[in-house]
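Required output: the full structure, derived from the provided sequences and hints.
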Amino acid sequence: MTSFTVRAAGLALVLVSLHAGAQDEAIPRTGNGKPDFQGYWSMTTVTPFERPVSLGDKAFFTPEEFAAFEAERLEVEETVQGTQADVHYGFDDYGLHPSQNVRATNLRTSIIYEPANGRLPDMTPEAAAMRAEKQAWYAEHATDSAKNRMLQERCIVWPHNGPPMLPTGYNNNAKVIQTADHLVFMQEMMQDPRIIPLDGRDPVAASIGQWYGHSVGQWDGDTLVVTTTNFTGLTGRQIPTFSTDAVVTERFTLESPETILYQFTVEDPATFVSHWSGEFRMQKTTGPMFEYACHEGNYGIVDVLSAARAAEQETP
Amino acid sequence: MHSRLLIATLVLGLLPAASQAHHAFASSFDVNLPLELHGTVTRVELINPHSWIHIDVVNDEGVTESWRIEGGSPNALFRNGITKNSIPVGSELIITGYGARDGTLRAVGANITFADGRPVFFGGTKAPEE
Amino acid sequence: MPAAAAAATTPDLNGVWQAMTPAYWDLEPHAARQGATEILGAIGAVPPHKGIIDGGTIPYLPEALARRDANFAMRRTEDPEAKCFRPGVPRATYMPYPFQIFQTDEEIFIAYQYAMATRSIAMTDHMDAPFDSWMGWSNGHWEDNTLVVEVSGLNGQTWLDRAGNFTSANARITERYTPIDADHLVYEATIDDPDTFSRPWTLSLPLYRHIQDEPEFLEFKCVEFAEELMYGHLTKPSDTDNGVNDANGDSTND
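Protein chains in written order, with this note's numbering: chain A, 1 to 316; chain B, 317 to 446; chain C, 447 to 700.
Everything hinted at is true.
Using 27 Å as the maximum straight-line C-alpha spacing, the simulated DSS-like pairs for lysine-lysine come out as follows:
| # | chain 1 | residue 1 | chain 2 | residue 2 |
| --- | --- | --- | --- | --- |
| 1 | A | Lys34 | A | Lys284 |
| 2 | C | Lys682 | C | Lys529 |
| 3 | C | Lys682 | A | Lys134 |
| 4 | C | Lys529 | B | Lys400 |
A few chain A residues that don't get close to chain B, going by computed Cβ distances all over 12 Å:
| # | residue |
| --- | --- |
| 5 | Ala68 |
| 6 | Asp181 |
| 7 | Leu198 |
| 8 | Asp202 |
| 9 | Val225 |
| 10 | Thr249 |
| 11 | Glu267 |
Computed far set for chain C versus chain A, every beta-carbon distance over 10 Å:
| # | residue |
| --- | --- |
| 12 | Trp471 |
| 13 | Ala478 |
| 14 | Gly501 |
| 15 | Leu511 |
| 16 | Ala519 |
| 17 | Ala615 |
| 18 | Asp629 |
Please keep in mind that the hints were generated in silico from the structure rather than gathered at the bench.
For each residue, glycine too, the CB sits at the ideal point set by N, CA and C.
Written out as C-alpha cells, the structure is:
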C-alpha cells in the first residue's frame with residue numbers, strides 16, 4: 001500500500017462546508033413545520049476530543065490552518081512490517097479510514113470548548129480515587145471473565161455512544177428517523193436506537209438506570225434540546241464514568257440542509273469538578289446503514305478468554 | 317504493510333478505555349509470529365465487529381489446515397458495493413499478517429490479495445467515496 | 447380474524463405495539479409442559495396454545511424436522527434468544543416484548559425492545575439484500591391499507607420460537623400488517639423456504655397498541671444477562687470471589 005494525502009476534492013469539501021455555515025439556504029422541514037433531521041449523517045471529524053496542550057487557549061483554527069491540520073491528520077501512514085503497529089488489518093482496505101468518509105468542517109481546535117482550555121475538567125477527588133482503585137483491580141483481573149472486559153469488547157456500548165455522542169475511529173455514521181412526536185438517532189456502532197420523545201415528558205424514576213440514560217426532547221425554536229438522565233453509574237472499565245446523577249443536555253441545530261451543529265453539556269458534580277461542553281458538526285451523507293450485530297459476531301471475547309485460560313494451564 | 321489509524325489515537329487517545337480497544341489485537345496476535353498464507357476460501361463472514369475469512373491452507377507437510385483470518389468491519393465495504401458474493405468460495409488468496417499468541421490457526425490479515433495480486437477489498441489505493 | 451376496514455388514506459402505524467400470544471414458546475399447537483429447566487419451577491414452564499399456524503403444523507421436510515427436534519433438545523443453551531441474539535423475522539414480532547413503529551414516506555423503521563433490535567423497511571428505492579443479516583433485508587409497499595413487506599437476506603441462524611423451529615438463510619418471508627381499527631393490527635407472515643419446508647406456510651396473530659399515556663418501552667439490551675450462559679465456561683476458576691462472578695448482580699465486576 002502506498003501513502004496518499006487528501007486530494008483536491010477534499011479541499012473543495014472544506015470550502016463547501018464553510019459556506020454552508022452561512023445559513024443562507026432554507027432548511028428542509030417536516031409536515032408540522034419542524035426542521036427535518038432525517039437522513040444519514042457522518043460524524044467523522046479530525047477535530048480532537050480534547051485540545052492538544054501545545055495549542056494552549058487557541059480555540060479556533062483559521063480556514064487555512066484547518067485545511068493543513070486536516071490534511072496532516074488524514075494522511076495514510078504506512079506501517080512497517082515486523083512492528084507492533086503492523087499487527088492489524090488495514091483500515092483503508094475496508095473503507096474505514098477517515099479520509100474515506102465525508103466530513104464537516106469544524107474550525108474549533110477541540111470538541112470540548114468549556115472549560116476554556118478545551119480539556120476535560122479534573123475529576124473530583126472521590127471519583128478519581130474510585131477510578132484508580134478500579135483500574136488497579138482490573139489490571140489484576142482483566143481476563144478473568146467476560147464481565148471484566150471493556151463494555152465495547154462485550155458489545156454492550158462504546159464510549160462514543162454516550163450521550164454525549166462523539167466521533168470514533170470508524171463507522172462514524174448515524175441515521176435519523178423523525179416523526180411528529182419522536183426522533184430516533186442511531187449511531188452505526190453499536191446501532192442501538194436512541195428513541196427520543198419530543199413532548200418534554202417527565203423523566204422516569206431515578207431508580208432506573210440505562211446504558212444510554214433516558215432521553216426526553218423538546219423544541220427550542222428550531223433547535224431540538226434533548227435532556228438525558230438515568231445513567232447506570234456502572235463502568236466495567238469505561239472511563240470516565242458518569243454518576244447516576246449526571247445530566248447531559250444536547251442541542252441539535254440544522255445549520256443547513258447538509259450540516260447539523262451538535263452541542264452538548266455534561267453536568268455531573270459527583271464526577272467532575274465543573275461542567276463541560278463540546279460541539280462539532282455532522283455532515284450529510286448517503287445510506288443505507290447496514291446492520292451492526294456486534295454481540296452475535298463476537299468471536300473476539302471468546303478468543304481472548306480462551307487464550308488467557310490456555311496460558312494459565314501452561315504456567316503452573 | 318497497511319494504514320494505521322492515527323485519528324483513533326488522536327480523537328480517542330484521551331478516552332483511555334477506547335484506545336485500549338485495539339489492544340485486544342496486541343494481546344491476541346503476536347508481532348513475532350509473522351506469516352504469509354496461501355489458501356482457498358471456504359467461508360466468508362462479512363459480519364461485525366470483525367469480518368472473518370476462512371481458508372484452507374496446505375502446510376509444508378502436505379496437511380490441510382483450516383485458518384480463520386480476522387479483518388475489519390464490513391459496513392463501509394457494503395456502502396461501496398461489496399456484497400457477500402465478492403469473495404467466492406474457492407477463491408485463492410494470499411494473506412500476510414500475524415498469528416495468534418495462543419497458537420490456534422487464527423491470524424490477523426494485514427494485507428489480503430487474490431492469488432493474482434488483485435486486492436480483495438480496497439488495497440489502500442482506492443479514492444475516497446464522497 | 448375480523449375483516450379489514452377499507453381505508454381512504456395510508457394507515458398510520460406509528461406507536462408502540464405488542465403481540466399477546468404464547469406462540470413465542472412454540473408456534474405449533476402444544477400442551478402445557480416443563481420448560482427447558484425445572485430450576486424456575488412454574489415460572490419457566492410452557493403454557494398451552496392452539497397454535498398460530500394456518501393449517502395446523504409446520505410442513506417440514508424430513509431432514510429439517512430432524513434438525514428442529516435436535517434444536518428442541520438443545521434449546522436451553524442453543525436458543526438464540528437465550529444468548530440475546532437478534533431474533534430475526536418473523537420471531538421479533540411475536541416475542542413477549544413491545545416494539546415501536548416509526549413511519550415515514552421513505553421507510554418504516556421498527557425498534558424492538560428485545561436486544562434493542564431494529565430493522566428498516568424501505569418503502570422506496572428497493573434493492574436486493576447485499577449480504578445476510580440477523581434481521582434480514584426488508585422492502586415494503588402498501589396494498590390498500592395493508593403494509594406488505596418482503597424479507598430476504600436472513601442469515602439462517604435465527605429460530606422462529608423457543609421450541610427450535612427455524613428457517614434457512616434462503617427463506618423469503620412476506621409480512622402483512624393490516625389495521626382493523628385504531629388500536630389493532632392483524633399480522634400475517636408467509637414463509638417460503640424450499641430448503642426447509644415442503645410448501646410455503648403462514649402464521650397469523652393480532653397486534654395490540656399500547657394505549658396508555660406516553661407509551662414507551664425502556665432499554666433491554668440483554669447482553670449482560672447472557673454472558674454467564676455463553677462465556678461462563680471460560681471464566682477463571684478463582685479462590686477469592688473478587689466480584690468475578692458478579693456477586694452483586696450489577697452486570698460489571700466493580
